[in-house]
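Chain residues, written in single-letter form:
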Amino acid sequence: MSIDLLRFAAGLYAVAAAGYLLYFARPRHTLAARFGGWFLSGGVVVHLAAIGLACKEFGGLEWFTLRGGMVLTAVLLAGTYLLVQRFYHLPSVGAFVTPLTLIILLPTLFGVGGAPGEAPAALKHPAITLHIMTASLGVALFGLAFGVAVMYLLQEREVKGKRFGALFSRLPPLDSLDKLTDRLVRLGFLSFTVASILGAVIARSVWKSAWSWDPQQVTTLLIWLLYGGMVQARHRGWHGRRYALLTVFGFALLIGSIGTLRSVPGLTMHAGEYKGPRVEAAK
Amino acid sequence: MSVRQLFLVGLSHKSAPIEVRERVALNGDDLKAALLQLRASEGVKEAFVVSTCNRVEVFVQAEAEQAARAFFTSRADQAGEHLYVKSGADAVRHLFRVAASLDSMVVGEQQILGQVKEAYGLASGVEAAGGYMSRLCNRAFATAKRVRTETGIGRGATSMSQVAVDLVEKIFGDLKGRAILLLGAGKMGALSAKALKVLGADRVLVTNRSPERGQQLADQVGGTFRPWGELDQLLVEADVVIVSTGAPGFVLTADMVRAATKRRRHRNLCLIDLAVPRNVDPACAELEDVFGYDVDDMQKVVSANHQARQGEAVSAEAIVEAEVIAFTRERESRAALPVLVTLRQRAEAIARAEAERTLQKAGDVLDDRARASVEAMALAIVNKLLHLPTVRLKAAAATGESALAGAAAELFGLDQAAPAGRRTTPRNGVTPPAATPPEKDQP
Chain A
401 MSIDLLRFAA GLYAVAAAGY LLYFARPRHT LAARFGGWFL SGGVVVHLAA
451 IGLACKEFGG LEWFTLRGGM VLTAVLLAGT YLLVQRFYHL PSVGAFVTPL
501 TLIILLPTLF GVGGAPGEAP AALKHPAITL HIMTASLGVA LFGLAFGVAV
551 MYLLQEREVK GKRFGALFSR LPPLDSLDKL TDRLVRLGFL SFTVASILGA
601 VIARSVWKSA WSWDPQQVTT LLIWLLYGGM VQARHRGWHG RRYALLTVFG
651 FALLIGSIGT LRSVPGLTMH AGEYKGPRVE AAK
Chain B
66 MSVRQLFLVG LSHKSAPIEV RERVALNGDD LKAALLQLRA SEGVKEAFVV
116 STCNRVEVFV QAEAEQAARA FFTSRADQAG EHLYVKSGAD AVRHLFRVAA
166 SLDSMVVGEQ QILGQVKEAY GLASGVEAAG GYMSRLCNRA FATAKRVRTE
216 TGIGRGATSM SQVAVDLVEK IFGDLKGRAI LLLGAGKMGA LSAKALKVLG
266 ADRVLVTNRS PERGQQLADQ VGGTFRPWGE LDQLLVEADV VIVSTGAPGF
316 VLTADMVRAA TKRRRHRNLC LIDLAVPRNV DPACAELEDV FGYDVDDMQK
366 VVSANHQARQ GEAVSAEAIV EAEVIAFTRE RESRAALPVL VTLRQRAEAI
416 ARAEAERTLQ KAGDVLDDRA RASVEAMALA IVNKLLHLPT VRLKAAAATG
466 ESALAGAAAE LFGLDQAAPA GRRTTPRNGV TPPAATPPEK DQP
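Chains as they are written, first to last, in this note's numbering: chain A, 401 to 683; chain B, 66 to 508.
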């Protein structure tokens, strides 16, 4: 049931993406951007309903898998963009973010992922929901920052290369993109920090140790350090091109690490196996 | 009511030199007086005048263009040889093209529509323009709006300073909290600095090798003068630098700018070099976080935009043409309407009168239903007879053919008073009971 709703939401996102892309290609059609916004909002609502239904169907176990994480990240990405649009009103960003949402959501539409058959002990921890939510929100915000940074790099190339063509007139000013990237990175970093602290607390109580050299923990720390370094660098005056490049690099690392770590079974305890406690529970 | 009574006499930047244009241009109260004078001229029903620095055009609804021509010749003797005269659909087309900015010096500029609107407002204010001009002008405004929204004729900057504004806007968005540095006292530099003010720069800094000239310039653009020796510091403070000195070589070298970007902590810096020979080393534009443009770059944008506008003008002309045709057709068929209305009124009056006479003769022999049928039949005959002539007259009018309407008037004697003894009651005079279309109600 929930998968059908999810597919419907993906359909709405596809229409929204088409609307935003049409607006980007023909800025005269401002109505296309507005339609995009409506369909995106509709998509988010249906998507949330699908998530609620999935919770009922699988008892919340779905969110411990990579697939569940992607479903959450996609809705948070779309939702955050809608929020950002309220404050900044940059409909051209939609042409970059809505397709990204669709790309993240697309692999989840073909069958329900393997939810663990029984609840691992880690599930019992009260902070687990918040941990998953903040981690997904962090990924969504970094994803949004990635989209805006790509726009920055494209626009920088146009402005600097004196190519005053279609992209030049359609992309927002460099400075707006730079500022938006910075705010999104900061928010994402904040969210990621909360997720990491909660993760450490949970790990301490279920795996008996906050730090166990789990590959997921190591890469997470690296990514946290990278984004933390970026926030610091900003204070020291890093702007523009370098900052955008770092944002793109950071998100590529993040997505790459999540993808590879979770698709290789047994590599990390975060891959829906949560082996440590389960072994104990079995005994 | 037809467009054949519309005449245009005018001169513009295309036909007359500025010496002539300035002698016939009018505004304010002078223009009002001239409008009233036009309106009072022999044979002129309505008039309005568009008077800008690039054109003076007189539109009159009249039998001939003499009064409009006199408007010019009475003001400047030599105006006569620069005048163009258009009438009918050509005059309509001209007004539509002017309002849509297709006839402007810079095609697609936005001011002209406002000026035409103002001209119409003034003319209707003194009642020189009435219903006819109102319909004409409103159609012209609607056409201009269509052209603006459906084509890209107004898109793209067409002057160097506007290009500078566009560029700076794409880098910084707006200039709130930022400073512009004007380096050197060139004329283009001052113009661009003024244009950039629309982006809301907090400060305009001015520096020049000669302090007197610099101070003068600072007063002129509303900025503060800073001595030339502070140049290195100024490059750190300002975000947009407009360079136009008369120096033969580079005033800003790559080393100077590189040092500045470090101290600026890589905040974006925009260098606009308006000088020929160039004052900014082209190597500066290669530096990270520095955006450098010279006159050639800007000129390329200007000519590309001009070309794009010319291209868009083709589709704009098509829109204008369609609107001209629609407007003239509408007017022409309106013009044919009086003949049609009189013809129908006359025929219906005859039908009613004859029906009444028949019914009176019949007396009580017929019941109410039968009486209604008689009246309906009379009207049905009129309708059937007049159906084809009505269609033909409307079609002829729409193509601008007036001979047929004249022939109809002649044939049916519509230009004479209604024959005595016949009542020319309009439809709502004696209302027959048959309110339904007579064709369906035939006995």
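Warning: the hint list may mix true and false statements.
As the list claims (entries may be wrong) - Only pairs whose alpha carbons sit at most 25 Å apart, straight line, appear in this in silico DSS-like list of lysine-lysine: (1) Lys365/B x Lys259/B; (2) Lys151/B x Lys241/B; (3) Lys241/B x Lys182/B; (4) Lys562/A x Lys327/B; (5) Lys579/A x Lys560/A; (6) Lys579/A x Lys182/B; (7) Lys579/A x Lys97/B; (8) Lys151/B x Lys182/B; (9) Lys110/B x Lys97/B; (10) Lys210/B x Lys562/A; (11) Lys241/B x Lys579/A; (12) Lys210/B x Lys151/B; (13) Lys449/B x Lys459/B; (14) Lys79/B x Lys182/B; (15) Lys365/B x Lys262/B; (16) Lys560/A x Lys262/B; (17) Lys210/B x Lys327/B; (18) Lys560/A x Lys449/B; (19) Lys241/B x Lys262/B; (20) Lys252/B x Lys327/B; (21) Lys262/B x Lys252/B; (22) Lys259/B x Lys241/B; (23) Lys560/A x Lys151/B; (24) Lys110/B x Lys151/B; (25) Lys562/A x Lys579/A; (26) Lys210/B x Lys252/B; (27) Lys365/B x Lys252/B; (28) Lys241/B x Lys560/A; (29) Lys562/A x Lys259/B; (30) Lys562/A x Lys365/B; (31) Lys110/B x Lys560/A; (32) Lys110/B x Lys182/B.
Said to hold, decoys possible - Quick list of simulated restraints, FRET-style, between CB atoms: (33) Lys210/B x Arg434/A: 18 to 24 Å; (34) Glu215/B x Val445/A: 33 to 39 Å; (35) Gln632/A x Thr318/B: 30 to 36 Å; (36) Phe487/A x Arg88/B: 53 to 59 Å; (37) Ser380/B x Gln632/A: 52 to 58 Å; (38) Leu621/A x Gln298/B: 56 to 62 Å; (39) Tyr488/A x Gln298/B: 50 to 56 Å.
Read the hints as simulated data drawn from the structure, not as lab findings.
Glycine included, each C-beta is placed from N, C-alpha and C at the ideal position.
Now the hints, each set against the structure:
no.: 1; hint: Lys365/B x Lys259/B; result: 22 Å, holds
no.: 2; hint: Lys151/B x Lys241/B; result: 51 Å, violated
no.: 3; hint: Lys241/B x Lys182/B; result: 34 Å, violated
no.: 4; hint: Lys562/A x Lys327/B; result: 23 Å, holds
no.: 5; hint: Lys579/A x Lys560/A; result: 19 Å, holds
no.: 6; hint: Lys579/A x Lys182/B; result: 42 Å, violated
no.: 7; hint: Lys579/A x Lys97/B; result: 54 Å, violated
no.: 8; hint: Lys151/B x Lys182/B; result: 21 Å, holds
no.: 9; hint: Lys110/B x Lys97/B; result: 16 Å, holds
no.: 10; hint: Lys210/B x Lys562/A; result: 32 Å, violated
no.: 11; hint: Lys241/B x Lys579/A; result: 14 Å, holds
no.: 12; hint: Lys210/B x Lys151/B; result: 24 Å, holds
no.: 13; hint: Lys449/B x Lys459/B; result: 16 Å, holds
no.: 14; hint: Lys79/B x Lys182/B; result: 22 Å, holds
no.: 15; hint: Lys365/B x Lys262/B; result: 23 Å, holds
no.: 16; hint: Lys560/A x Lys262/B; result: 23 Å, holds
no.: 17; hint: Lys210/B x Lys327/B; result: 49 Å, violated
no.: 18; hint: Lys560/A x Lys449/B; result: 75 Å, violated
no.: 19; hint: Lys241/B x Lys262/B; result: 10 Å, holds
no.: 20; hint: Lys252/B x Lys327/B; result: 31 Å, violated
no.: 21; hint: Lys262/B x Lys252/B; result: 16 Å, holds
no.: 22; hint: Lys259/B x Lys241/B; result: 15 Å, holds
no.: 23; hint: Lys560/A x Lys151/B; result: 50 Å, violated
no.: 24; hint: Lys110/B x Lys151/B; result: 17 Å, holds
no.: 25; hint: Lys562/A x Lys579/A; result: 23 Å, holds
no.: 26; hint: Lys210/B x Lys252/B; result: 35 Å, violated
no.: 27; hint: Lys365/B x Lys252/B; result: 20 Å, holds
no.: 28; hint: Lys241/B x Lys560/A; result: 22 Å, holds
no.: 29; hint: Lys562/A x Lys259/B; result: 23 Å, holds
no.: 30; hint: Lys562/A x Lys365/B; result: 10 Å, holds
no.: 31; hint: Lys110/B x Lys560/A; result: 60 Å, violated
no.: 32; hint: Lys110/B x Lys182/B; result: 20 Å, holds
no.: 33; hint: Lys210/B x Arg434/A: 18 to 24 Å; result: 21 Å, holds
no.: 34; hint: Glu215/B x Val445/A: 33 to 39 Å; result: 35 Å, holds
no.: 35; hint: Gln632/A x Thr318/B: 30 to 36 Å; result: 33 Å, holds
no.: 36; hint: Phe487/A x Arg88/B: 53 to 59 Å; result: 56 Å, holds
no.: 37; hint: Ser380/B x Gln632/A: 52 to 58 Å; result: 54 Å, holds
no.: 38; hint: Leu621/A x Gln298/B: 56 to 62 Å; result: 43 Å, violated
no.: 39; hint: Tyr488/A x Gln298/B: 50 to 56 Å; result: 34 Å, violated
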